[in-house]
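Residue numbers (this note's numbering), protein chains in the order written: chain U, 1 to 518; chain Z, 1 to 374; chain S, 1 to 354.
To be clear, the hints were calculated from the coordinates, so they are not data collected in a lab.
We put the CB at the ideal spot given by N, CA and C, even for glycine.
Be aware that one or more of the hints could be misleading.
[Unchecked claim] In silico SDA-like cross-links for lysine to any residue, where the CA-CA straight-line distance does not exceed 25 Å:
| hint | chain 1 | residue 1 | chain 2 | residue 2 |
| --- | --- | --- | --- | --- |
| 1 | U | LYS322 | Z | GLY253 |
| 2 | U | LYS350 | Z | THR291 |
| 3 | U | LYS71 | U | ILE224 |
| 4 | Z | LYS201 | S | ASN133 |
| 5 | Z | LYS171 | S | SER79 |
| 6 | Z | LYS171 | S | GLU129 |
| 7 | S | LYS76 | Z | THR291 |
| 8 | Z | LYS46 | S | LYS35 |
| 9 | Z | LYS171 | S | TYR343 |
| 10 | Z | LYS46 | S | ASN133 |
| 11 | U | LYS334 | Z | THR233 |
[Stated by the list, open to error] A few chain U residues that face chain Z, going by a derived Cβ cut-off under 7 Å, partial list only:
| hint | residue |
| --- | --- |
| 12 | ILE337 |
| 13 | GLY377 |
| 14 | GLU409 |
[Said to hold, decoys possible] Quick look at which bits of chain Z chain S covers, simulated, 3 or more residues with Cβ under 8 Å:
| hint | segment |
| --- | --- |
| 15 | 124–130 |
| 16 | 133–142 |
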Amino acid sequence: MDISSNYAVQMRNITKAFGNCMALNSVSIDVKKGTIHAMLGENGAGKTTLMNILYGLYHADSGDIYIKGEKVNMKNPMVAIQNGIGMVHQHFKLVENFTVAQNIMLGSEVTNKFGILNMRKFKDELQKIINLYGLKVDPNAKIENISVGMQQRVEILKTLYRGAELLILDEPTAVLTPQEIIELISIMHKLIENGKTIIIITHKLKEIKASSEYCTIIRRGKYIDSLEVKGIDEEMLAEKMVGRSVKLIADKTPAKKGKVIFNIENLNVQNQQSNCLLAIKNLSLQVRKGEILGIAGVDGNGQKELVEAITGLLRAQSGTIKINGKEIQNTKPKNVIKNKISTIHEDRQKRGLVLNLSVAENAILEKYNERPFSSHGILHYSEINKFTSDLIKEYDVRPKNCKGVPIRELSGGNQQKIIIGREIANEPDLLIAVQPTRGLDVGAIEYVHKTLIEERDKGKAILLISLELDEIMSLSDTIAVIYNGEIQGVYDQNEVDENTIGLLMAGGSKVGKSSKNS
Amino acid sequence: MEKAAKILKKPITSTLIAVVCGFLIAGVIIALMGYSPMEALGLLIKGVFSRPKYIFKVIEKSTPLILTGVSVAFAFRTGLFNIGAEGQYIVGSVAATVVGIKLSFPPIIQIPVVIFAGILAGAIFGVIVGFLKARFGIHEVITGIMLNWVALYLCNFVVNSHEFNKPSNSKTYSINQSGYTTILYNWKSSKAGIEFLRNNKWLSDILLKTDVNVGFLVAILVAVLVWFMLNKTTIGFGVRAVGLNPFAAEFAGIGVKRHITTTMAISGSICGLAAALTITGTSPHGLYLLTMFENVGFNGLFVALIAGSSPISCIFSGLFFGGLIYGGNSIQSGLGVPSEIINITIGTILFFVALTKVVPEIANRLAKRRENNA
Amino acid sequence: MKKLLSIFLIILITSSLSACSWNDPQATSDDGVFKVTMVPDLGGINDQSFNQSAWEGLQKFKSEQQNVEVSYMESKQSSDFALNLDRLSDGNYDLIWGIGFSMSDAVYDTAKINLDKNYAIVDYSYGNETPNNVTGVMFRSQESAFMVGYVAAKTTKTNKIGFVGGMKNSIIYQFEYGFKAGVLYAAKEMGKGIEVVSQYAESFTDAAKGKAIASKMYSDDCDVVFHAAGGVGYGVIEAAKDKNKFAIGVDRDQSSIAPDNVLTSALKNVGQAVDLVSKRIMNGESLGGTTQTFGLKEGCVGIPVKNKNMDPQIYNETIRLSQSIVDGNIKINNKEITIPYDYPSYLEYISTFS
């Protein structure tokens, strides 16, 4: 393709290496003015790196960037902003206790000639932009008081206010409810109508289909293809992204549900931020042998506190948590593990692993004090290594001879495999999986799902907590919805649709069948 | 090029470069003050190596530094910054002195009892810090600094007390001789011993003029033991896990609070051991009135830093440090350079050690340049 | 890399060891130069006090004699004393000074294993156990303290006087009891009762504490405070300045610190003694094994000649008194007395009044 001013951005043969790791290898992308262009790729494929180079955060080792046909040296984000590029990061960069208006103004303050802030003038300008694009936000609300979806709009407004013509949205839907995603997509279309161009980074195929016109796929730092989204189906996109055909829907037989093995009754847990509020309110839940119970909900509705209360990190104010009839609330994590509850924590790097310890040491993190891994206080590395080798073999961890290397050096998927293997090796009666596929690529996700279903089929009880509604819908035998620390309803997998769940997740009234528990 | 990059990536290389840079800058400062840096370096090396006595003195001086270094390094591994090492050292020496003066057993009992007293006192000070951190989340640096002063005044209280003060002296009595760990102390302080040694140049230099004692061997043993404990035992595993990621450790059922307290107890007891060995091994076998900190514990922080928190490396960085401090004196007397110059050298070396992350970066650049050239 | 390093180290060590097969220096070097060195106490040679005085003494010694070299080696902490003395003993010095009683053990131990070297120590006496190569130098500080006590008693209007000591030891006791004796002497002479309040700061460095103690004394009606407390004394003098009362300095003439508020100072001329002893040893006098005591007679203690805040008449009386101290015929109730230097001798002194 020629370099032409018809394109908002053209990046040619971009190459970037981090140390010995080739993050991008001669990747090119052409984004037509006035279109939504999706960057598709698995985690770690190099999508974000490419966009960071466009935004001037990183420097390409080689390759050129053209803005409207002009070659530009993206030295730093200031140059990018001057060239009309704006970026909304996955993690928002907002000052929590500032108002919306203050956050937007931050860094490009409107002042009079004495250097005094002119807030009124600024707010007028802001209101114009808000009206133009239909980005409904209250400029006077504090960031900490508005929803994540609203915060995202503030970030978008921020870039627009700085005169962005091209917006880069990095995984914008990761934190949104289904309803908010729909709204976001409509906002995106509005922006296009007004002559803006958007690049959206994502690995969610459905959203690409719903929003974008064009799509560039990269895999492991290599350019794969650019195509028009119309007339291509999700399976095919997935295949191009992963490099082989994948099953998007988890394959599973109906559950053979057994007796209730895990039982939460009237659990109350305090909110960690404010002492007078409850994060978990009078919550009751049962998990049976041989079923996957999925808890759907938007982030921040008590999932974290629920997991921490079960695993002994947080105190329960009242109520009971029983496994096999034995109460375990308000004991230590060690006791919880001993009572055959194993947890795959959502935050792999913070709670799941000690990144600077070796793979082998992480594999025995919970059991280093037990035989055969140690006796009389002395560690037995031969046993530890044997256990790890078996684990690596069984769960197909790559690279194969990694047991001595710090687990930091493994990819996210392989780290997760070690955690899953470790937890399953505990032979738990209840396996809690919290966001078990967060940040994993499609191939790894498939593997994790398969493993969870296998464990279910072995008769284990599995409690799945995920923010990805698709994951809950396809994996769970029973679906519970949590909102504001309360269970809104419990349904069998096939007696409820995504819309109903989505509404309940947003705190809407219960529609469809009444919940089984109430 | 490849080889250079490989060498640069080793941690020992960056430490050595830091040391060289430190010396260079100190040399520039000495030159600016109008002295000859080469002469100063010569004096330093001579002041450390030119007589067997000097070498043994350096070893004697390094022994407590190695131990406090190991102590600090161990605490580092749990993510604790044991700035209280100074206080733990002082309180260890106070306990060893008090017990050593008050009790009088035969050496076989006296020595272990005195050393144990030092260890116990250091451990208690360590546990206070660890407990306050684990139970109430009070930062160990704050409690450590506070306890340093407590220890200092406790020491001065003991020195001034009627019970222990050596009359018309700003120090305590020496501990009972049965508690000395100085090699051949009785013989070499006897008339016959002195006579014999005076006729033997080497032996008199080593035995008569220094307090050769078993402390150095103990220090090496402790460094090896701590290394073993860290890497081969369950306690060490817990310590490392808690130090590297307390959140994951907590979630995996490892008692974070318990480990913090345990670590500080062990760290403190090593400082106490260092102090007890100094009291039993070197003159004056008692306490001086402290007008300020003696820096044995604080220097342990530097020793651990240079050693990259590895207990085995602490042996070498402790010796290096001891040599610098002891040999530095001869620069002062030989050239008339203020003694501060040695502190500047040490400071510069530490500064560069802290900068050593730059060196692997240079290595990466080298590797990349090679790639580009290819 | 490692190999290279170890080879380098081995070469370094062996070369420095073999190349300089060291020599123990001879007792007195035959180079015709008399070399004297000193290890000052922690204050260092710029402490405005006795270390500085000692160093000035050595410099005076050098300037007045031919073929003399002088030097010093400072210590950072008490445990360095022994190290520094030891290192100096390896050099070819003819005389090594330890300044201050804190160095007593270090000097003793070093002297014992370096029998062919000469040592001297200020402010300490080993009594009968003085090694043959050590000379102790003591001061009769009680004599100057007696004089300033006499001055204070003659000057006070409130009949209440303060004494601030540094730390309790025999050196400071000389000051305290000499001072009290002087006050008592003057009080009897004038036939009135004068109270002396005495307090110790438990430090030689904490000026703030000195100020606090002295301030309290001044508000409790003392109008003259004498200090024998090193650095603590700066606080005492500052308090005198604040309250516009009198302080009496120690060791050297401290009137420069507060010209209007320092009444006088109990001089202790360490330098003079260092100079004297060095000279005598250079001239071949054998002082080893003895303790030399210096006082008014030798001109090593006393009060300054200029005291602008002192009544000239009092000065004259004091000088007259000092002469009788030198002559050794100071009498009370027709009994000859010695000026007390510690508590027992003070008790004895008091008893002569009754």
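To see whether the hints hold, each was checked on the structure:
1. U:LYS322 with Z:GLY253: Holds. LYS322 (chain U) to GLY253 (chain Z) sits at ~19 Å (cutoff 25 Å).
2. U:LYS350 with Z:THR291: With Cα atoms ~46 Å apart, LYS350 (chain U) and THR291 (chain Z) exceed 25 Å; violated.
3. U:LYS71 with U:ILE224: holds, 24 Å
4. Z:LYS201 with S:ASN133: Given that 25 Å is the threshold and the Cα spacing comes to 21 Å, the pair holds.
5. Z:LYS171 with S:SER79: Given that 25 Å is the threshold and the Cα spacing comes to 11 Å, the pair holds.
6. Z:LYS171 with S:GLU129: holds, 19 Å
7. S:LYS76 with Z:THR291: holds, 10 Å
8. Z:LYS46 with S:LYS35: holds, 22 Å
9. Z:LYS171 with S:TYR343: holds, 21 Å
10. Z:LYS46 with S:ASN133: Distance of about 28 Å is beyond 25 Å: violated.
11. U:LYS334 with Z:THR233: holds, 19 Å
12. ILE337: Constraint on ILE337 (chain U) satisfied, holds at 5 Å.
13. GLY377: Because about 5 Å separates GLY377 (chain U) from the closest Cβ in chain Z, which is inside the 7 Å limit, the hint holds.
14. GLU409: For GLU409 (chain U), the interface hint is violated, since the closest Cβ of chain Z sits about 15 Å away, which is over 7 Å.
15. 124–130: violated (count 0)
16. 133–142: n = 0 at 8 Å, threshold three: violated.
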